[in-house]
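Q: Order-wise, the sequence lines are chains C and B.
Going by the numbering used here, the residue at position 251 of the first sequence is 251; the numbering climbs one at a time, nothing skipped.
Going by the numbering used here, the residue at position 394 of the second sequence is 394; the numbering climbs one at a time, nothing skipped.
There is no bait here: all hints are sound.
Below, simulated DMTMM-like cross-link-like pairs (lysine to aspartate or glutamate); rule was C-alpha separation at most 25 angstroms, straight line:
1. B:Lys587 <-> C:Asp68
2. C:Lys233 <-> B:Asp580
3. C:Lys643 <-> B:Asp629
4. B:Lys61 <-> C:Asp579
5. C:Lys61 <-> B:Glu564
6. B:Lys130 <-> B:Asp155
7. B:Lys233 <-> C:Asp580
8. B:Lys183 <-> B:Asp99
9. B:Lys556 <-> C:Glu412
10. B:Lys91 <-> B:Asp170
Keep in mind that the hints were calculated from the coordinates and are not lab data.
Protein chains: 2
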Amino acid sequence: MTTEATTLKGQPLDKAALESMLRRRMFYTPSFEIYGGVSGLYDYGPPGCALQANIIDIWRKHFVLEEDMLEVDCSVLTPHEVLKTSGHVDKFADWMCKDPKNGEILRADHFVEDVLETRLRGNKEARGQKIEEKEEADAKKKKKKTKGQEAIKLDDAVVQEYEEILAQIDNYNGQQLGELITKYDMKNPATGVQPTPPVAFNLMFSTSIGPSSNLPGYLRPETAQGQFLNFAKLLEFNTNNMPFASASIGKSYRNEISPRAGLLRVREFLMAEIEHFVDPEGHKKHGRFQEVEDIELSLLDRETQLSGKTIVRKVKIGEAVRSGLVDNETLGYFLARIHLFLKRLGVDQAKIRFRQHMANEMAHYACDCWDAELLTSSGWVECVGCADRSAYDLSVHAKKTGAPLVVRERLEIPKVIEEWEIEVEKKKFGPFYKKDGKTVENALMATTQEQREQLAKDLEQNGKVVIDVPGVGNGKVEISQDLFRIVFRKRTENVREYTPNVIEPSFGIGRILYSLIEHSYWTRASDGGDEARGVLSFPPAVAPTKVLIVPLSTNKDFTPFVRELSKKLRSAGVSSRVDDSSASIGKRYSRNDELGTPFGITIDFQTVKDGSITLRERDSTEQVRAEEDKIIAAIGALVDGSKTWKDITAELPIFAGQELVER
Amino acid sequence: MTTEATTLKGQPLDKAALESMLRRRMFYTPSFEIYGGVSGLYDYGPPGCALQANIIDIWRKHFVLEEDMLEVDCSVLTPHEVLKTSGHVDKFADWMCKDPKNGEILRADHFVEDVLETRLRGNKEARGQKIEEKEEADAKKKKKKTKGQEAIKLDDAVVQEYEEILAQIDNYNGQQLGELITKYDMKNPATGVQPTPPVAFNLMFSTSIGPSSNLPGYLRPETAQGQFLNFAKLLEFNTNNMPFASASIGKSYRNEISPRAGLLRVREFLMAEIEHFVDPEGHKKHGRFQEVEDIELSLLDRETQLSGKTIVRKVKIGEAVRSGLVDNETLGYFLARIHLFLKRLGVDQAKIRFRQHMANEMAHYACDCWDAELLTSSGWVECVGCADRSAYDLSVHAKKTGAPLVVRERLEIPKVIEEWEIEVEKKKFGPFYKKDGKTVENALMATTQEQREQLAKDLEQNGKVVIDVPGVGNGKVEISQDLFRIVFRKRTENVREYTPNVIEPSFGIGRILYSLIEHSYWTRASDGGDEARGVLSFPPAVAPTKVLIVPLSTNKDFTPFVRELSKKLRSAGVSSRVDDSSASIGKRYSRNDELGTPFGITIDFQTVKDGSITLRERDSTEQVRAEEDKIIAAIGALVDGSKTWKDITAELPIFAGQELVER
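Taking the hints into account, I'd like the entire structure generated from these sequences.
A: Below, the structure written as structure tokens:
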């Protein structure tokens with residue numbers, strides 16, 4: 001399952017070095033750290049916060065604006081009844097075990113995974129095979145726990161069994177996980193004791209709304225429900241046109257059992273979620289599908305996983321839909337759009353795959369689901385889910401509340417329906433059957449068209465019919481012709497009413513952000529050669545800050561130029577920061593490469609003389625020199641993507657002098 | 001206290017008509033409405049959501065980018081200990097009464113306010129005086145409750161007493177509110193019974209973090225604490241430069257006792273908060289104060305309110321700071337910047353005032369505070385608070401955790417300090433005083449410089465001293481010269497260490513959004529004259545959508561032009577929507593005026609012939625006609641504020657033809 005993590009340039013990823021850099025540059029930091037921190041809660045510092053805002057901005061342009069989605073912002077606090085109806089109160093849970101000796105609480109699937117991976121590592125060691133980076137790092141992290149588990153050789157058959165279990169680890173329910181724990185005699189390495197059988201732990205944070213504590217509620221575990229509850233209003237806002245999508249960006253909350261994976265598993269997280277409402281008739285075609293059908297995706301389907309493998313196939317999405325691998329065009333359209341979005345952010349194309357959910361793994365509401373997974377130092381991480389929720393949510397809320405969460409569509413060609421109808425002679429029927437009246441009537445009305453055709457014949461022949469009514473008399477009830485009629489009638493329907501299906505692309509922004517950082521990270525040898533310097537090669541549109549302004553020294557002559565340039569960049573809508581500290585230019589640029597800032601402008605004595613400035617590009621460290629306005633225009637074009645750095649070096653004179661001071 | 005609410009054009013504000021329009025256009029809607037709703041929780045529909053995003057965008061540009069603030073995004077879930085230290089667990093409460101008869105829970109200050117206002121209204125009626133709009137509306141709303149309370153004449157002295165109480169209603173604590181209820185024999189109109197004395201009700205939502213329920217926590221009631229806890233890291237990120245500000249945009253939660261004022265009092269709300277950290281020495285000067293000192297603000301100071309009045313004075317902020325009315329430049333600078341921000345949003349300049357908090361009203365952490373209040377149909381509403389929190393928060397968290405939340409500043413001129421120092425002879429001192437050793441030593445070390453000078457003399461003269469040590473012997477303890485020394489010494493300090501003070505501008509985005517809607521609303525007579533049509537005159541930069549594209553009819557020839565135009569506007573960064581419904585052009589524009597969309601483009605048969613389109617301006621309903629590219633450029637300039645509509649009508653030919661179809 002594990003794969004050696006690499007940097008953008010294919011170097012082995014030194015995760016400790018990366019984490020220390022992210023911490024030093026305040027991309028993110030554990031919340032409440034001076035109080036000891038709380039696991040699964042993180043604060044974003046200035047660069048993390050700006051990176052997040054840029055990802056959201058691109059998301060909004062790529063999805064909401066591009067497709068005229070209806071963006072809404074709904075409450076996080078949600079009353080019990082809503083989440084009871086949606087199924088979350090009963091089913092939104094993970095499986096949890098307890099160590100009876102030290103009371104430690106373990107997430108059951110993670111526990112099984114950890115134990116089997118440790119045994120496989122021990123087996124490799126015993127056989128003298130190479131242990132991969134990530135495995136080694138894991139082993140080191142868990143060192144105190146894994147004593148006595150190492151270097152034991154396993155039978156080939158056992159290795160295969162373990163690997164097959166791991167390939168479908170997400171497919172087991174609590175009972176099955178419990179059986180695996182018993183069957184393979186898994187013990188908590190910390191105590192040497194087998195944990196208790198898994199029990200369900202609901203992942204929602206609960207609270208109480210209002211002063212009298214009589215309205216129990218939860219923090220929403222997803223942003224979807226608010227969109228469903230507003231469906232009728234949104235449809236009206238969209239002047240009753242179908243299909244359409246709503247979208248929402250906001251925080252959701254899951255009380256994870258024991259989060260220990262940094263930004264990849266947190267208790268409070270930003271989600272961006274789309275609910276695309278579509279007519280279930282006509283196999284969910286999508287009007288813009290032909291725009292994306294040639295896009296190739298890496299797919300890992302359900303069957304492959306169930307066979308214990310994780311082999312990915314490259315398939316054009318058009319082909320995947322035609323062959324039925326992906327169920328319908330709308331689902332396929334969004335998978336392709338998700339792929340394009342991740343590409344636009346700068347995610348490494350070799351580190352994306354779309355994995356289909358297995359039957360037991362799917363959320364309680366889903367009928368098909370694919371996850372966009374990104375490869376990181378923690379393995380493949382689910383970053384976007386794309387589920388077909390069918391009509392589940394709208395149906396259950398409509399049933400519970402009586403609200404008409406449906407589409408009523410005027411039929412161009414009215415539909416003519418011919419069928420057997422039953423008319424009960426109300427005045428006589430009730431008095432005749434007395435207390436059984438309603439039961440008998442319900443049984444009569446519940447008959448099928450075929451049954452009614454037969455009943456009509458019986459009625460004509462015998463002047464009465466006999467039907468089954470369980471619980472009344474001997475279960476057979478006779479109904480005579482003066483109590484009801486059966487007629488074959490034609491009627492015309494002008495309106496079709498249906499409950500839309502929902503395709504839901506759902507984005508975990510924090511996971512995307514972290515994966516993107518790993519995919520953008522690499523190191524370059526410093527000029528001195530003693531120490532590798534970190535670089536985050538974010539695309540300009542994604543980078544937290546676009547430009548670093550660096551005056552050559554603290555000389556006061558530079559100040560007006562710095563101020564003027566900041567102002568001009570601000571007017572051009574380009575975010576910049578000034579570093580006028582006394583550190584060397586090289587040090588300042590190197591600090592800045594760690595922040596992922598794509599461009600640097602140096603202000604030197606030549607600037608004071610003729611107003612020219614140099615522009616440095618982060619990845620190549622090449623520089624060009626020109627007058628201020630030309631440089632600002634170049635930056636604008638680089639940030640909005642209309643020009644590349646290569647275009648700029650062809651247009652503006654290369655400047656080599658500065659490299660001298662970078663040492 | 002109440003004032004007649006008016007529209008942008010000075011018409012009396014018909015609140016019911018406005019609310020029905022906002023609902024119809026889905027600006028916002030009660031959350032979970034199909035489940036009966038939950039008071040104090042609202043969802044924003046597409047126009048409300050876009051309006052909110054635009055306000056946030058302008059806020060970010062006006063504050064964060066303009067002043068290089070460090071934006072962070074911190075956790076909402078907050079452990080108990082943090083909010084215990086900050087004082088919120090003990091003090092963040094409202095006063096709540098209970099009706100002993102029907103169990104109704106009342107917020108004490110609102111109850112007192114309601115009863116007194118009802119009595120004042122009854123008095124006016126009894127005297128045959130005019131009752132103002134708002135009062136009438138209030139009376140209508142509370143009709144069922146206020147029976148039997150009306151039309152009772154009050155003595156002039158009583159009227160004055162009531163008015164004085166209302167002017168300082170925010171200044172009473174629970175006990176005082178209880179006394180008012182008893183003194184004026186206030187009864188719950190619903191039952192005719194006096195409610196129980198006020199008790200404190202903590203406004204924080206509580207929850208439990210983690211699976212074992214052993215970490216109690218709350219939803220943050222403000223976004224400030226996360227910024228304080230990260231102070232040391234932020235200072236380092238800012239390369240130790242002072243002063244600087246952090247900023248945060250995010251949701252906060254307050255479990256309001258009985259919220260009934262729409263968006264003005266909600267349980268979940270978006271805040272934008274700035275924490276400006278400043279050196280307390282030198283009276284909190286601000287480097288950019290001279291840029292704002294001539295800005296005139298409407299101020300309602302503490303003394304005026306305490307004298308029972310609500311008279312506002314127009315004062316230049318420079319003058320207000322010089323006279324000491326506003327405590328310091330930094331506080332004054334932010335008041336002026338807040339004023340400019342509200343102006344930029346399009347808030348009515350005649351409906352802003354800055355009100356100073358009274359002593360009892362101030363939050364537990366504040367040492368001075370001014371609220372920017374906006375006048376709405378619910379009276380003056382606090383929309384922005386600007387508090388000087390002094391060093392309160394950083395000090396308490398540092399004390400609790402031991403984290404150094406301080407600034408260490410290298411002194412340019414080292415500070416030479418000469419003072420009396422005491423050195424205890426540890427080896428002898430303890431054994432001599434035995435169990436009292438520590439107490440005696442502490443008392444000795446706690447002596448002031450003056451006392452030490454005297455002690456030094458005593459020691460020289462008598463070879464011993466006598467000091468007060470409460471609780472040891474008779475409270476006087478003799479210390480001989482072999483146990484300690486007192487010396488007058490010179491030492492040099494190179495570093496100054498201090499805890500910064502905090503100026504905190506804090507914005508309730510939902511309240512600003514709602515007030516802005518009221519300030520932007522007006523009605524114009526329809527062409528037919530039968531019905532007034534609502535208009536929301538948002539400035540182009542604030543408006544939810546900038547352009548409505550209206551094809552003249554559903555003719556298919558228009559479709560490619562509509563599609564092309566949408567695409568071009570999108571590339572120009574201008575949000576647009578298409579209304580290709582079959583409604584008349586006039587109806588579509590009128591629908592659109594209700595959404596506050598500033599510009600409309602009509603595509604007609606002339607467009608198909610020569611590519612020209614008409615541009616309509618919402619407020620004047622004037623139209624110009626030109627080729628597509630010129631119109632798009634004009635819209636760009638109108639949205640970014642570089643041109644006004646007047647400029648455009650001077651540049652492009654006026655078009656009158658379309659008005660014919662608007663009927």
